[in-house]
Amino acid sequence: MSAPLDDLDTLVGRIPDGAKVALPPDYSGCAMAAVRTLIKRGVRDLHLVGVPSVGFQGDMLIGAGCVATLETAAVTIGEYGLAPRFTAAIKAGAIRMIDGTCPAIHAGLQAAEKGIPYMPVRGIVGSDLLEQRDDWIVGADPFGGEDGPLVLVKAITPDITLIHAPLADRHGNAWIGVRREMMVMAHAAKTTLVTFEKLYDGDLLANAEMAAGTIPALYIGALAEAENGAWPVGLFGAYPADDAHLRMYIEMAGTDDGFQTYLDDYVLDRKAAE
Amino acid sequence: MSAPLDDLDTLVGRIPDGAKVALPPDYSGCAMAAVRTLIKRGVRDLHLVGVPSVGFQGDMLIGAGCVATLETAAVTIGEYGLAPRFTAAIKAGAIRMIDGTCPAIHAGLQAAEKGIPYMPVRGIVGSDLLEQRDDWIVGADPFGGEDGPLVLVKAITPDITLIHAPLADRHGNAWIGVRREMMVMAHAAKTTLVTFEKLYDGDLLANAEMAAGTIPALYIGALAEAENGAWPVGLFGAYPADDAHLRMYIEMAGTDDGFQTYLDDYVLDRKAAE
Amino acid sequence: MTPNRQGEFQPEELLISTIADMLDGLGHVAVGASSPIPGGAALLARARSGGSLRVSMLGSEHHNAFTNGGTELFDCAAQGRIDAFFLGGGQIDGAANINLVGIGDYPQTKVRFPGSFGSAYLYFLVPRVILFREEHTPRVLVPKVDFISAPGTSEPDVYRPGGPYALVTGRCVFTFDKARKGFSLASVHPGHTVDEVAENTGFDFDVSESVDETKPPDAATLALIRGRVADEIAETYPAFATRVFGDNASVA
Amino acid sequence: MTPNRQGEFQPEELLISTIADMLDGLGHVAVGASSPIPGGAALLARARSGGSLRVSMLGSEHHNAFTNGGTELFDCAAQGRIDAFFLGGGQIDGAANINLVGIGDYPQTKVRFPGSFGSAYLYFLVPRVILFREEHTPRVLVPKVDFISAPGTSEPDVYRPGGPYALVTGRCVFTFDKARKGFSLASVHPGHTVDEVAENTGFDFDVSESVDETKPPDAATLALIRGRVADEIAETYPAFATRVFGDNASVA
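Protein chains in written order, with the numbering used here: chain A, 1 to 274; chain B, 275 to 548; chain C, 549 to 800; chain D, 801 to 1052.
Honestly, I wouldn't trust all of these hints.
[Unchecked claim] In the PhoX-like style, the derived pairs of lysine-lysine whose C-alpha atoms are separated by at most 20 angstroms in a straight line are:
no., chain 1, residue 1, chain 2, residue 2
1, C, Lys658, B, Lys365
2, C, Lys729, C, Lys692
3, A, Lys190, A, Lys20
4, D, Lys978, A, Lys91
5, C, Lys658, C, Lys692
6, D, Lys944, D, Lys910
[What the hints assert, rightly or not] Facing chain A, from chain B, some residues (calculated, C-beta under 10 angstroms):
no., residue
7, Gly287
8, Gly339
9, Lys388
10, Ile411
11, Gly419
12, Pro440
13, Trp449
14, Ile450
15, Gly451
16, Val452
17, Glu525
18, Met526
[Claimed, not checked] Short derived list, chain A residues pointing at chain B, Cβ under 7 angstroms:
no., residue
19, Ile116
20, Pro117
21, Phe143
22, Gly144
23, Gly177
24, Ala208
25, Gly258
Worth flagging that the hints you see were computed from the coordinates, not collected in a lab.
A quick note: this is a predicted structure, and the numbers were derived from the prediction, not measured.
A virtual CB, placed ideally from N, CA and C, is assigned to each residue, including glycine.
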């Protein structure tokens, strides 16, 4: 009944080439240790969905050549500057880019969560984004309301949601607190893979306070323990971002060679704090 | 910034005659003490929305003549039997009944939460419910999917959501744990009135574990302390239903006179445990 | 409920065992409110699944893994994550239409039932919907329901991975044939007869030449029901547990 | 940023004070990611609101009342519960269209910005959207953006309770006239001139005969900024707080 407790290699082994993978932004729960393991394995042709934006993990996966398509409202490594590998990939036309806007990405996932083909969204009309999307259609209010056109956003069903949670238990439940975009991502995806910081000794669902912020095992395909697993990005309530490291990354990843050195140092040779 | 802390009379004074009031089912957080106070005040012409069903509080409000319209997927007092005053009111044609189905009620509130005029819902087609509803329209998948018709459910925007929470704090936040139908109700309604069991000494939002199950003050118009405020219905995590009392109610409310005696004894004269 | 082999098992135990047999091998069974017998069946199937069956029981705090409020059961069903569910009906007809609204002309029905709950949705989306109604009389099992809360079958263009699988009553088990849009008598409970079933059923149904007797629970099943299942069901349905299993069933 | 009256206040303090003046009297201001100056302005307005202004700041744990994940800010705006928000732009044009995507032909733009975030939505739904971009050059303030992430105005049939209220840069304040669909120069920051603004702005804008100087923060405002606001903003933007306010600004 409960999901298997994997090691990291086994966990990321569940992500096939070409998978559509939903990732949270840097301020949510990023499974960085899993992403490094995935890069090391040499995964290819991923379709990343940034919910609603993607940061460091997206930039690294793009830089390492793992990504065919990127669907997101933004790529941002916070205050540290533009995402260097993403920027380079766009210039080179190396990835297919599907530009969105935050609420439409949330809406697409919520449509998948509810098993409906689309979700109406306000705004957007008049944005050039609309012209790029064949999965957004302009529609009218069927009740004849006078509030004008709506954008009908097609459901987004990721093959896999990949996240890092502060806590998980032996029953396969994962605690995410108020970061409920990860709850919607888990509901919407075919399955969810979770790395977690610490094992919670007990049943998260049996504790009324913890349960309120818990993704039930029902949605989770497998889990792996990964202490400091969001590093160098921060983890809400646990640790802040590794400022110096991220600045160094931005610097190194500014060139192809620099990024390759970064990969050699921190991903392929695993000098990371894992 | 935070909502006022009222006494019960002041709190229910915020519910005008004719208001569209969303209520949770008996297994969620029922503001029974507030409902008794409301009946005592003699509120009239309410449009109740049971999210998705309504129990004891709906039956009492109907019996006391406070309800013009009832919109719900069901009226049920759990194992205790059919809701006697609801049943009598239907037979007498005393209330306007809008029969729904649970996911459509949730969908209507979620549409209001998202500020969209409607939400598509699966199923329903072929149910006689559909013929009764001018706020449900059958529509097609705009993306041409072959999964057939959808029911487009018009947004439901309650004037007021009225609930009872186990905890609230001085900042006006209310803790509801996993009973998140009340979160959607609070987001969807113009304002939310909360009675609560106990004052939480601190800021619910500053505690990561509590925050995950907390309705932010942002959505809450006013609060009032009401110990044992869900009685005789139970409150999740706090106390069970008062079995003997509910059986007695079903018995007494089986006749007009019996119900009037019940009101005299437990509502108008406040013999209740409040 | 009518007579049974006294001393061997109670009617509720037969029903729990019979329904549980329909759940073996599934991954996730959800149970709605006010459903002690289906709940018991789900817990029995879970007890013998070796941990592979998940049970989500409305109203239970122990057997409820949902953390997204009232909408999650429905979303979960739409995601294809629920394999079986139970529905009842104030009226059920031969086309497996169910009526949870009332008898007579809507809306001012002569008899009013609680309402349709989630039936108009779950009946479409859950692959194996088991109809359960203990009362087996012509008043319940009617030729045509007065109000269709949820239809038994749909036009081919309607998205409907789900639908009726069987109808279990206090007298017998019917299975549902989607192609023919009708019920077949699958087995008659011990102590009951085909004629009695026919007499008490308001709709037409198929009967094969020899109708089996519903398989009684064996000793191991009975032990499981009276032990673990009785304990577990008592959490959500204490009154039911005390009535059927006596004082031995205590909240675990 | 160009010169200012040294020793009196810093450019960031002027901007915080100027933006805060646009927020007084509102009920709820939300601040997006990577927005230390708008964040500081919101916190200043809150500090002098006597508790009536609520601030929701993305990335802050202290000033964030949302408990429904990433979607709540957008839902909350659609519910009419957010009065003001801030947007920037890699390019902003004279019709208040903003471009957060890139320069050149989409998708293979010569310069790529992070992306549109929630602009294509919040710009429609939040009544008072304040455009803020410190860099005031013809490269940023262009005649026509290369890509419209979010349009400044909409056709009459589009539901749009929200839209641009003002554009604040390192040199001046523009207000936006919805009827005319264009900006007017409202004030020029101390140390800057109308000619300099015209020279550095790629789009046409209205200028009245006498343009005011942007009102500098008074002593009480400066004290509040350097005290409470500096402390509060340091939680979310420690690097910014240290740079502008020095070591006095510590996480409260």
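Outcome of the hint check:
no.: 1; hint: Lys658(C) to Lys365(B); verdict: holds (6 angstroms)
no.: 2; hint: Lys729(C) to Lys692(C); verdict: holds (13 angstroms)
no.: 3; hint: Lys190(A) to Lys20(A); verdict: holds (10 angstroms)
no.: 4; hint: Lys978(D) to Lys91(A); verdict: violated (36 angstroms)
no.: 5; hint: Lys658(C) to Lys692(C); verdict: holds (17 angstroms)
no.: 6; hint: Lys944(D) to Lys910(D); verdict: holds (17 angstroms)
no.: 7; hint: Gly287; verdict: violated (31 angstroms)
no.: 8; hint: Gly339; verdict: violated (32 angstroms)
no.: 9; hint: Lys388; verdict: holds (8 angstroms)
no.: 10; hint: Ile411; verdict: holds (5 angstroms)
no.: 11; hint: Gly419; verdict: holds (5 angstroms)
no.: 12; hint: Pro440; verdict: holds (9 angstroms)
no.: 13; hint: Trp449; verdict: holds (8 angstroms)
no.: 14; hint: Ile450; verdict: holds (8 angstroms)
no.: 15; hint: Gly451; verdict: holds (5 angstroms)
no.: 16; hint: Val452; verdict: holds (5 angstroms)
no.: 17; hint: Glu525; verdict: violated (33 angstroms)
no.: 18; hint: Met526; verdict: violated (34 angstroms)
no.: 19; hint: Ile116; verdict: holds (5 angstroms)
no.: 20; hint: Pro117; verdict: holds (4 angstroms)
no.: 21; hint: Phe143; verdict: holds (6 angstroms)
no.: 22; hint: Gly144; verdict: violated (9 angstroms)
no.: 23; hint: Gly177; verdict: holds (5 angstroms)
no.: 24; hint: Ala208; verdict: holds (5 angstroms)
no.: 25; hint: Gly258; verdict: violated (37 angstroms)
Taken one by one, the earlier hints fail for this structure at numbers 4, 7, 8, 17, 18, 22 and 25, listed in ascending order.
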